[in-house]
Amino acid sequence: MQYEIKDGEMIVKITVKDVEKIADLAKLELSAEEGQGFTQDLQIRLERLEVLKEVDTSGVEPLVYVLPAKNVLREDRVGQCLVQEEALANTSEVEDGCFKVPRIV
Amino acid sequence: MRVEWETVIGLEIHAELKTKTKIFCSCPNEFGGKENTHVCPVCLGLPGALPVLNKQVVEYAVRAGVALNCAIQSYSKFDRKNYFYPDLPTAYQISQYDLPICRNGYLEIEVNGEKKKIRINRIHLEEDAGKLLHSGSSITSSQYSLADYNRAGVPLIEIVTEPDLSSAEEARVFLEQLRAVLEYTEVSDVKMEEGSLRCDANISLRPVGSTKLGTKMEIKNMNSFRALERALAYEIERQQEVLEEGGKIVQETRAWDEGKGMTAVMRSKEEAHDYRYFPDPDLAPIILEPEWVEEIRASLPELPEARKERLVQELGLSAYDAGVLTASRALAEFFDQTVAVYNAPKVVANWIMVEYLGLLNANNLELEKSKITPKQLATLLIVQAEGKISGKIAKKVFAEMFATGKDPEKIIKEKGLVQISDEGALAAVVDKVIAANPQSVEDYRGGKKKALGYLVGQVMKETKGQANPGVVNKLLQEKLK
Amino acid sequence: MSSLLGLTGHELQALLTKKEISSTDLVKEYLTRIKMVDDQIKALVTVTEKEALEQARKADGLREKGVKLSPLAGIPLALSDNICTAGIRTTCSSRMLENFVPPYKATVVEKLAEAKAVLVGKCNLDEFGLGTTTENSAFFATHNPHDLQAVPGGACGGAAAAVAGGEAVFALGTDTGGSLREPASFCGVIGFKPTYGSVSRYGVIPCASSLDQVGSLTRDMTDCALVMNAISGHDPQDSTSVSGATSDFTNFLTDDVKGLKIGIPQEYLQGRVVPEVMASFEQAVKKLEELGAHCAEVSLAHQEAIVATYQIIVAAEASSNLARFDGVRYGLRIEGEDVDSLFKKTRSQGLGAEAKKQIILGTYVLSSAQYEDYYLKALKVRALIKEELAKVFQEYDCLLTPTTPTVAFDLGADKEKISRGKLDSLTCLANLAGIPALSLPWGTLQGRPVGLQLLSRACGEETLFRVGYTLEQNTNQTRLKLKGKEVK
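Protein sequences, first through last, are from chains A, B and C.
Just so we're aligned, residue 1 is where the first sequence starts under this note's numbering, counting upward by one.
Just so we're aligned, residue 106 is where the second sequence starts under this note's numbering, counting upward by one.
Just so we're aligned, residue 587 is where the third sequence starts under this note's numbering, counting upward by one.
Among the hints, erroneous ones may be present.
Here are the simulated DSS-like pairs of lysine-lysine, each with C-alpha atoms no more than 25 Å apart in a straight line [stated by the list, open to error]:
1. K497(B) / K566(B)
2. K13(A) / K943(C)
3. K1003(C) / K972(C)
4. K70(A) / K972(C)
5. K931(C) / K186(B)
6. K53(A) / K972(C)
7. K569(B) / K500(B)
8. K520(B) / K451(B)
9. K931(C) / K943(C)
10. K21(A) / K943(C)
11. K931(C) / K236(B)
12. K931(C) / K100(A)
13. K21(A) / K160(B)
14. K1008(C) / K17(A)
15. K566(B) / K584(B)
16. K511(B) / K537(B)
17. K977(C) / K70(A)
18. K518(B) / K476(B)
19. K520(B) / K555(B)
20. K236(B) / K221(B)
21. K13(A) / K972(C)
22. K220(B) / K186(B)
23. K1067(C) / K13(A)
24. K53(A) / K943(C)
25. K17(A) / K374(B)
26. K70(A) / K553(B)
27. K70(A) / K123(B)
28. K554(B) / K537(B)
29. K236(B) / K100(A)
30. K186(B) / K451(B)
31. K17(A) / K943(C)
32. K53(A) / K1008(C)
33. K555(B) / K586(B)
34. K236(B) / K220(B)
35. K537(B) / K100(A)
36. K53(A) / K977(C)
37. K70(A) / K160(B)
38. K21(A) / K511(B)
39. K1067(C) / K621(C)
Hints were generated in silico from the structure; no laboratory data involved.
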């Protein structure tokens, strides 16, 4: 990761390579144009997030759940399943009741 | 100077929980089934579907945690582990990252008479992925694969040990004892062959005396206790060779190939994922009040260690025998129930370990599927003790019981196997044998005591094993004086 | 007959009850209207003509038999196309789901079916709810019925335009950071986002799960209450659903704001809201004071961090929620030589630019090296923001702001320039805190509607309905005329 100084602050400098790595994690294939564009876009978006650094969050517990809910549990009782045709209805690549995928490695 | 190496092993064990339904939906949790029929919008990852946690899953995890001496956490939550793979319908696995349900447990194992505490770092809950069936013989040689999501969403606990194991044997023993605990507590089917118990290992070597851990290697795809021990033994040897030749161990994941008897690289560290864990906003946290945990603790059955101890202390069995008999709950129950009818623990233990386990192994059968009941075995042993049948006949009867499930008395009666102890009835046979074997008679009289055994054997043969060997012995000795 | 088009649900229900009209007539009227105006407004992705006529016929049949029917029975409605309808394609306005026909339906759809409301169509939105103008739809942009040159707002622009343009009496959509309220404001209808968890999210294709909430678009407060009565309540299939008894929202329709303490975050509005909108807003404040409410300035701590916090959470959660679209089980599939290339080709061709940008940002902020600085930090600031609002609501019954910093702008305009990426700066606060929020029309500026926004504490819906209803009863600013071709 590279950094640059902007307005006296250390700012992350996003490179096309960074974006390609992220895109690979997210299984996106970027055209050269997208690579450039998304790099710029991410840079702008991240710069807008810089304001967060100014908030003092020491000792603050992260808010994970909006509601104070806990132990939302279901009884261990069998319910309705889809029938095989329904499960497979939204894909054309089917064999022996399974979803077909190309070579894995 | 030659460097002595020390092995450091930690295990990660996945056990499928024996619930009726999946972890986050009400599809049945059953092994097998027609492809993609135990699925619903939730476990098929259809957009918009939402997970709801199965209460039984929480109770089973706590049960396992308590049995493994863990601190049950009052607050735990679910996180998403993000990665793409065709067996993972939502492209994230719901798991527990930084706040697992159980922490800091241990399991005591015994290897070569020495006891050792193996610490358990954590137990966490997660969902299983679907199954991929490959068109070729292996994943690498397949042109395509087929995804069946019946297993997707089956509840799992992952048990992570500290790196406290120092040999392949210790690792195998630990896994066997862990399996017993999970079986005793009835939280899992623990069948390695069906994949309801799976084990990965982290292994590294370091010079004896060093406190710094060596480079860690992850080993996967060990599908039996034997495979675990063999794979680790192989890996220890392989790493030692590399190190002794001055080489370096690089961090990677290797897979055990049972057929070839070796491990091979699966992926290197560079290919390691960034799972981007974050709390799953679709699920509420689990908050375990102490009362709930205590309720679960109180419902635990006697655990293997305690049971083994009882067999040694109260019934006078050897530690080894007690260990074998308590390795599975079903076997221990069988033993206890037999002893309850026929109170001769050592005799019962011997029978179960030699005859019964022998037959089960020979027939590749699980105890649960065998036809013999504890009461039947006890009856057989009583009949034998009363001298009604010989030990040899008893074994024959037992084999018949094993095959048919019939009561021993019935078999003995039907086949006319009652032992002959009547001296009058046996005298004629004894005389006949003496007459037919002059050489042996002479040998015996000449001081070769061994010859008597041969003669007894001949009497037994003549009576098709029904003669009481004690009586035969006595008669022969009298007649040959 | 065209006079029926401007009526609210409860006004139409009165006519249905008196048997002055039948649901079939009403639905036919709406289907005709759709055919007439939707080529210009482009609110709908799918028109469910056959199903609508069938449902209308059933509602009429029940009415004939004298069965007691719900207030929504026989009334035409539209659904944002991120809400799953069994057997009817649900696209999220994405190429990815262009042909996706869910085998199951959302809980809200089930509830509306029980109420015998009649689905006439599924509405365009910004792809997967990511956007503020509906221009990010993979299919087409929706136009604002009040001014066809203008955007309808977003993400649920199609749903708001359908209600404003007379293509449905009411609609359901989702609100992640203003996705219902902003289009409601731009299109001059009422947009209501209830307290997080009060309406089931089961079957609603998520954008950001911890922020998303299903809400309504209606023509008046009474309809808003009736729709909420029909769709809210505990759902055992949604772990984030609030348990406990549900209220009758019509009880909250009180024409009285005397003594209510209303806070105005003046400092937050300054520099964000354009002067013309501010001027309209001030008239509303004046009106509420005339009606007996006490309005006072409040300041919000951490206000500068609100939008950044929101953006991190949306991107992170959306990046994970959109990961399941990999071509294997449903949706677009672009073949590749191996699984990795199937995933990449499918996702690259199936997702639009904005979705990809959000996924890139979300993946980045969740990556192990950045997690603490961005995502975890955002969760902590979110805690502070929620706490701050809880404090404000100890003193005030509700907060009042304009819904959006500007009125609707032209299609194709550079919205970055207009809003500096902060178009949802006034609305996303409610989603971060999980509190209820209402957007109410407040007249127009050069023919483009202005919206007022009210926020209250969690489960404080009653106050919002009270203020909304009082303004509706005492002014002529909240109920705008139906717009679109042929409606003068």
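The hints, checked one at a time:
Taken as a hint, the K497(B) and K566(B) pair is honoured in the structure, with Cα atoms around 12 Å apart against an allowance of 25 Å. Between K13(A) and K943(C) the CA atoms are separated by roughly 17 Å; this keeps the pair inside 25 Å, and the hint holds. For the hint pairing K1003(C) with K972(C), the CA-to-CA distance comes to about 29 Å; that exceeds 25 Å, so the pair is violated. Restraint check for K70(A) and K972(C): satisfied, since their Cα atoms lie roughly 19 Å apart, inside the 25 Å limit.
Taking the CA atoms of K931(C) and K186(B), the gap is about 23 Å. The hint holds against a cut of 25 Å. Our distance criterion of 25 Å between C-alpha atoms is met by K53(A) and K972(C), whose separation comes to about 18 Å. Distance restraint check for K569(B) and K500(B): the Cα-Cα separation of roughly 14 Å lies within the 25 Å cut-off, and the hinted pair is therefore satisfied. Only pairs whose Cα atoms come within 25 Å are accepted, and K520(B) paired with K451(B) is rejected, the gap being roughly 29 Å.
Of the pairs offered as hints, the one joining K931(C) and K943(C) holds, with about 16 Å between alpha carbons and a cut-off of 25 Å not exceeded. The straight-line distance between the Cα atoms of K21(A) and K943(C) is roughly 14 Å, inside the 25 Å bound, and the hint therefore holds. Taking the CA atoms of K931(C) and K236(B), the gap is about 24 Å. The hint holds against a cut of 25 Å. For the suggested pair K931(C) and K100(A), the alpha carbons sit about 16 Å apart, so the restraint of at most 25 Å is met.
At roughly 40 Å between alpha-carbon atoms, K21(A) and K160(B) are farther apart than 25 Å, so this suggested pair is violated. Taking the CA atoms of K1008(C) and K17(A), the gap is about 28 Å. The hint is violated against a cut of 25 Å. For the hint pairing K566(B) with K584(B), the CA-to-CA distance comes to about 19 Å; that is within 25 Å, so the pair holds. With a CA separation close to 36 Å, the supplied pair K511(B) and K537(B) exceeds the 25 Å bound.
The suggested pairing of K977(C) with K70(A) holds, with an alpha-carbon distance near 24 Å, which does not exceed 25 Å. Between K518(B) and K476(B) the alpha-carbon distance is near 20 Å, which keeps this suggested pair within the 25 Å criterion. Taking the CA atoms of K520(B) and K555(B), the gap is near 32 Å; set against the 25 Å cutoff, the hint is violated. For a cut-off of 25 Å, the pair hint linking K236(B) to K221(B) is broken: about 37 Å separates their Cα positions.
Among the hinted pairs, K13(A) with K972(C) is inconsistent with the structure: their alpha-carbon atoms are about 32 Å apart, more than 25 Å. Proximity of K220(B) to K186(B) is assessed by CA-CA distance (about 37 Å); at most 25 Å being required, the pair is judged violated. At most 25 Å may separate the alpha-carbon atoms for a hinted pair to count; K1067(C) and K13(A) exceed this at roughly 51 Å. Restraint check for K53(A) and K943(C): satisfied, since their Cα atoms lie roughly 22 Å apart, inside the 25 Å limit.
The straight-line distance between the Cα atoms of K17(A) and K374(B) is roughly 20 Å, inside the 25 Å bound, and the hint therefore holds. A hinted pair counts as satisfied when its Cα atoms are at most 25 Å apart, and K70(A) with K553(B) does not qualify at roughly 84 Å. Distance check on the hinted pair: K70(A) and K123(B) sit about 24 Å apart at the alpha-carbon level, within 25 Å; holds. Proximity of K554(B) to K537(B) is assessed by CA-CA distance (about 20 Å); at most 25 Å being required, the pair is judged to hold.
For a cut-off of 25 Å, the pair hint linking K236(B) to K100(A) stands: about 12 Å separates their Cα positions. Using a Cα cut-off of 25 Å, the hinted pair K186(B) and K451(B) is violated, with the two alpha carbons roughly 52 Å apart. Annotation: proposed proximity of K17(A) to K943(C) holds, straight-line Cα distance about 15 Å (limit 25 Å). At most 25 Å may separate the alpha-carbon atoms for a hinted pair to count; K53(A) and K1008(C) meet this at roughly 18 Å.
The hinted pair formed by K555(B) and K586(B) meets the criterion: a straight-line CA distance of about 15 Å does not exceed 25 Å. Taking the CA atoms of K236(B) and K220(B), the gap is near 39 Å; set against the 25 Å cutoff, the hint is violated. Between K537(B) and K100(A) the alpha-carbon distance is near 78 Å, which puts this suggested pair outside the 25 Å criterion. Taken as a hint, the K53(A) and K977(C) pair is honoured in the structure, with Cα atoms around 23 Å apart against an allowance of 25 Å.
For a cut-off of 25 Å, the pair hint linking K70(A) to K160(B) stands: about 12 Å separates their Cα positions. For a cut-off of 25 Å, the pair hint linking K21(A) to K511(B) is broken: about 69 Å separates their Cα positions. With a C-alpha separation of about 20 Å, the suggested pair K1067(C) and K621(C) falls inside the 25 Å cut-off, and the hint holds.
When held up to the earlier numbered hints, the structure conflicts with 3, 8, 13, 14, 16, 19, 20, 21, 22, 23, 26, 30, 34, 35 and 38 and fits the remainder.
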